[in-house]
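Participant: Here's the letter readout for the chains.
Number of protein chains: 2
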Amino acid sequence: MAKALFVVMDGLGDRGAETPLSKAKTPNLDKITPNCSLGLLYTLGAGQIPGSDTAHLALFGYNPHKYYRGRGPFEALGAGMELKHGDVAFRANLCTIDDNMVILDRRAGRADYGMDKIYATLDGMKIDDVTVHVLHTVEHRGAIVFSGPGLSASVTNTDPHEANQPVAQAKALDSGAEKMAKVMNEFTKKAYELLKDHPVNKERIEKGLKPANMAVIRGAGVFEKIDSLKDRFGLKAICIAGGALYKGVAKYVGMDVINVPGATGTTKTDLNAKAQAVIKAADDYDLVFAHIKGTDSCGHDGDFEGKMKMIERADAEFFSQVIDKFDVFVLTGDHSTPVAAKRHTCDAAPILFRNETARPDGAKKFTELNCAGGSLGQLTGTELMHFILDYLHKGHMFGE
Amino acid sequence: MAKALFVVMDGLGDRGAETPLSKAKTPNLDKITPNCSLGLLYTLGAGQIPGSDTAHLALFGYNPHKYYRGRGPFEALGAGMELKHGDVAFRANLCTIDDNMVILDRRAGRADYGMDKIYATLDGMKIDDVTVHVLHTVEHRGAIVFSGPGLSASVTNTDPHEANQPVAQAKALDSGAEKMAKVMNEFTKKAYELLKDHPVNKERIEKGLKPANMAVIRGAGVFEKIDSLKDRFGLKAICIAGGALYKGVAKYVGMDVINVPGATGTTKTDLNAKAQAVIKAADDYDLVFAHIKGTDSCGHDGDFEGKMKMIERADAEFFSQVIDKFDVFVLTGDHSTPVAAKRHTCDAAPILFRNETARPDGAKKFTELNCAGGSLGQLTGTELMHFILDYLHKGHMFGE
Numbered sequence: 001m002a003k004a005l006f007v008v009m010d011g012l013g014d015r016g017a018e019t020p021l022s023k024a025k026t027p028n029l030d031k032i033t034p035n036c037s038l039g040l041l042y043t044l045g046a047g048q049i050p051g052s053d054t055a056h057l058a059l060f061g062y063n064p065h066k067y068y069r070g071r072g073p074f075e076a077l078g079a080g081m082e083l084k085h086g087d088v089a090f091r092a093n094l095c096t097i098d099d100n101m102v103i104l105d106r107r108a109g110r111a112d113y114g115m116d117k118i119y120a121t122l123d124g125m126k127i128d129d130v131t132v133h134v135l136h137t138v139e140h141r142g143a144i145v146f147s148g149p150g151l152s153a154s155v156t157n158t159d160p161h162e163a164n165q166p167v168a169q170a171k172a173l174d175s176g177a178e179k180m181a182k183v184m185n186e187f188t189k190k191a192y193e194l195l196k197d198h199p200v201n202k203e204r205i206e207k208g209l210k211p212a213n214m215a216v217i218r219g220a221g222v223f224e225k226i227d228s229l230k231d232r233f234g235l236k237a238i239c240i241a242g243g244a245l246y247k248g249v250a251k252y253v254g255m256d257v258i259n260v261p262g263a264t265g266t267t268k269t270d271l272n273a274k275a276q277a278v279i280k281a282a283d284d285y286d287l288v289f290a291h292i293k294g295t296d297s298c299g300h301d302g303d304f305e306g307k308m309k310m311i312e313r314a315d316a317e318f319f320s321q322v323i324d325k326f327d328v329f330v331l332t333g334d335h336s337t338p339v340a341a342k343r344h345t346c347d348a349a350p351i352l353f354r355n356e357t358a359r360p361d362g363a364k365k366f367t368e369l370n371c372a373g374g375s376l377g378q379l380t381g382t383e384l385m386h387f388i389l390d391y392l393h394k395g396h397m398f399g400e
Numbered sequence: 001m002a003k004a005l006f007v008v009m010d011g012l013g014d015r016g017a018e019t020p021l022s023k024a025k026t027p028n029l030d031k032i033t034p035n036c037s038l039g040l041l042y043t044l045g046a047g048q049i050p051g052s053d054t055a056h057l058a059l060f061g062y063n064p065h066k067y068y069r070g071r072g073p074f075e076a077l078g079a080g081m082e083l084k085h086g087d088v089a090f091r092a093n094l095c096t097i098d099d100n101m102v103i104l105d106r107r108a109g110r111a112d113y114g115m116d117k118i119y120a121t122l123d124g125m126k127i128d129d130v131t132v133h134v135l136h137t138v139e140h141r142g143a144i145v146f147s148g149p150g151l152s153a154s155v156t157n158t159d160p161h162e163a164n165q166p167v168a169q170a171k172a173l174d175s176g177a178e179k180m181a182k183v184m185n186e187f188t189k190k191a192y193e194l195l196k197d198h199p200v201n202k203e204r205i206e207k208g209l210k211p212a213n214m215a216v217i218r219g220a221g222v223f224e225k226i227d228s229l230k231d232r233f234g235l236k237a238i239c240i241a242g243g244a245l246y247k248g249v250a251k252y253v254g255m256d257v258i259n260v261p262g263a264t265g266t267t268k269t270d271l272n273a274k275a276q277a278v279i280k281a282a283d284d285y286d287l288v289f290a291h292i293k294g295t296d297s298c299g300h301d302g303d304f305e306g307k308m309k310m311i312e313r314a315d316a317e318f319f320s321q322v323i324d325k326f327d328v329f330v331l332t333g334d335h336s337t338p339v340a341a342k343r344h345t346c347d348a349a350p351i352l353f354r355n356e357t358a359r360p361d362g363a364k365k366f367t368e369l370n371c372a373g374g375s376l377g378q379l380t381g382t383e384l385m386h387f388i389l390d391y392l393h394k395g396h397m398f399g400e
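Protein sequence lines correspond, in order, to chains A and B. Residue numbers for the first sequence follow the working numbering, beginning at 1 and rising by one. Residue numbers for the second sequence follow the working numbering, beginning at 1 and rising by one.
Don't read these hints as lab results, they were simulated from the structure. Check the hints yourself; a few may be wrong.
Pairs count within a copy or across copies, as identical chains cannot be separated in the list.
Claimed, not checked - Heads up, simulated SDA-like pairs for lysine to any residue below, C-alpha to C-alpha not over 20 Å straight-line: (1) K3 x A341; (2) K23 x P360; (3) K66 x G45; (4) K225 x H65; (5) K23 x G362; (6) K3 x R15; (7) K126 x N272; (8) K342 x D390; (9) K66 x G47; (10) K309 x D270.
Extracted from the complex, chain A is given alone in its bound form (with noise of 0.2 Å):
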């Protein structure tokens, strides 16, 4: 049975003669390099600019115009928590607001000192008939969940995205989002007294650390049950990966996540335990998706240096262990994080798709120039999606 890896090194793409990818020093990539086939992403079709969130539901076969509801159920889902269709889920901010709930810090301090304490405090709250769930994540970091009948994502944060203004009134977008709203405000007043003299901001402020006495929440997103890619394409697919987030857009589509120690999601992620698991995961899987988040980090700072070190890793630490090991292997990007602008952008992503009976492009370097004319064209993230499903025989032909 055939098997296919499916790396996305987040953020991968960049701009100019030279980038990051061009400059890396990559020995394991470039031995396949000339036998693969290249190509362009745009992830969400050319001239637009793909969230995270959205560019992975395409990556994964999902065209997010039409299965993307908000990021908050990606966020409750990667941190762990369990959803219900129907359930409206968020991203929380512990801060720090004064008396005038006017926040003060929008992260009171990032110290994470107790975070879990708080948010385990809020959890298990009721509203009325609603029931609301809250897990911490990483530093002042949380998801929160709100579970009961009449839900609606159709509201304003109440984390007003900077310091100095008041915790926001959540709003609704729409008549049928009105309970949702007075729910969401209710929260509020609820998490204030609940986090104003909690027994952990007093540690924390004896500390010399800002309370941590509110918790803003943005993002809605409400969680539906669709259909799986075991469903879809009948492929049994797994997710590895340091971000939650990448996590928890896997569980949304059906795939089984594992958490790696030492898979961190960031520069320092240990991306030999991350191969380990993937050739593990080999043996039960038609596709392993691996998730590299570091390039994109480096890319939103501006840091060449970083971003070529981080590929120059993934080749010798990662790409070297795990390549020869399936039978289909593809790496790309989920989009551009060219170091030159500091934010995802609309330039195409790099493709190098490898399979010994591929269309060999003959270049001697997986760079974004080189990828230019490959013989793979330009592809949506669904329609590469779907290349890899023929290759792994579980395409549909359409008519006969």
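Add chain B to chain A, keeping to what the hints say.
Facilitator: This is chain B only, laid out in the frame that chain A set:
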């Protein structure tokens, strides 16, 4: 603040190994080309033959399948008329008919003597609760706008498109358009009464010219007020063009439009005057759109030499002055008008995209063949506009 210059040379693309573009001496473009990204433009999608109006809607970021409502409103706006939401506009021809309403000459011999006065005679006509506004443009041509309740563009033309045919009866294409058809046929009758013994026509006959004794109309389109480029993208844009149609489409999408003396929309247009207008506009606008028509006219005439010379003149008199005044410079055609075909074809137009951070394809010359395999891949018109928006930092990320 980043600024973009977006130049369309109308019908620029051509066919064959040697094209007007590949043979033209263009030292100013040649200087920047190696550092540019190249690509192919399928303005409305591959395999589609773009009209000038739909092509420009797409290039301005407006999907013509959603926004195109017929050519009339663009002609009327381009002529300088004001339109209200719901007005129905047409292109008009003054023609010569006999006593049986048979058209002897569709253009009344093209001689425009007194045609402005004849059109003015028709202007302000009342037909029940409908007011008719008419404006002369060039030669025998004009624009006509019907304003009143219950009008529709689902009608056939009164212009039979060939001589020796009677003026056509307008017919409703659906039951909602019956009033419109009736008004149009009433217009034909009233125009006949007003023009058959018109003093200007007596003068024309005395001068040996054909009488302009009927106005036939075509290209019905309803004017709808749509979200402008400013509304949609926060983009302050200006159009510098000679041809009325392009100004009309630009106005439709909310661009400012200026009239540059000497910009005629012909091969004799004053490109230096246009360059000066472009440079001046750079101070106040995010996007300067400039249109050069002559290449298309030469394509329609099958004039290889003329098309090539037009490109050479644009390089020497226009590009030489403007390119380095903008952060983003884009040059393309709205479609191909190959001299071998003498009409618009579906062949991709070449795209040249310059920004100091963009991917440099290293091509020595901007040609159709070098654009194949360029790092932009292939884009549609709306995709190209979104690409430009991203480089102006005015793109919207989908998702987070």
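Participant: Against each hint, give a clear statement of whether it holds in the structure.
Facilitator: Checked hints:
1. K3 x A341: Result: close only across copies, 16 Å inter versus 36 Å intra.
2. K23 x P360: Answer is between; shortest inter-copy Cα gap is 15 Å, intra-copy 22 Å.
3. K66 x G45: both (14 Å within a copy, 18 Å between copies)
4. K225 x H65: within (16 Å within a copy, 26 Å between copies)
5. K23 x G362: both (19 Å within a copy, 17 Å between copies)
6. K3 x R15: So K3 and R15 pass the 20 Å test across copies only (19 Å; inside, 32 Å).
7. K126 x N272: neither (44 Å within a copy, 72 Å between copies)
8. K342 x D390: between (35 Å within a copy, 13 Å between copies)
9. K66 x G47: both (19 Å within a copy, 18 Å between copies)
10. K309 x D270: within (14 Å within a copy, 53 Å between copies)
In this structure, only the earlier hint numbered 7 is contradicted, and the remaining ones agree with it.
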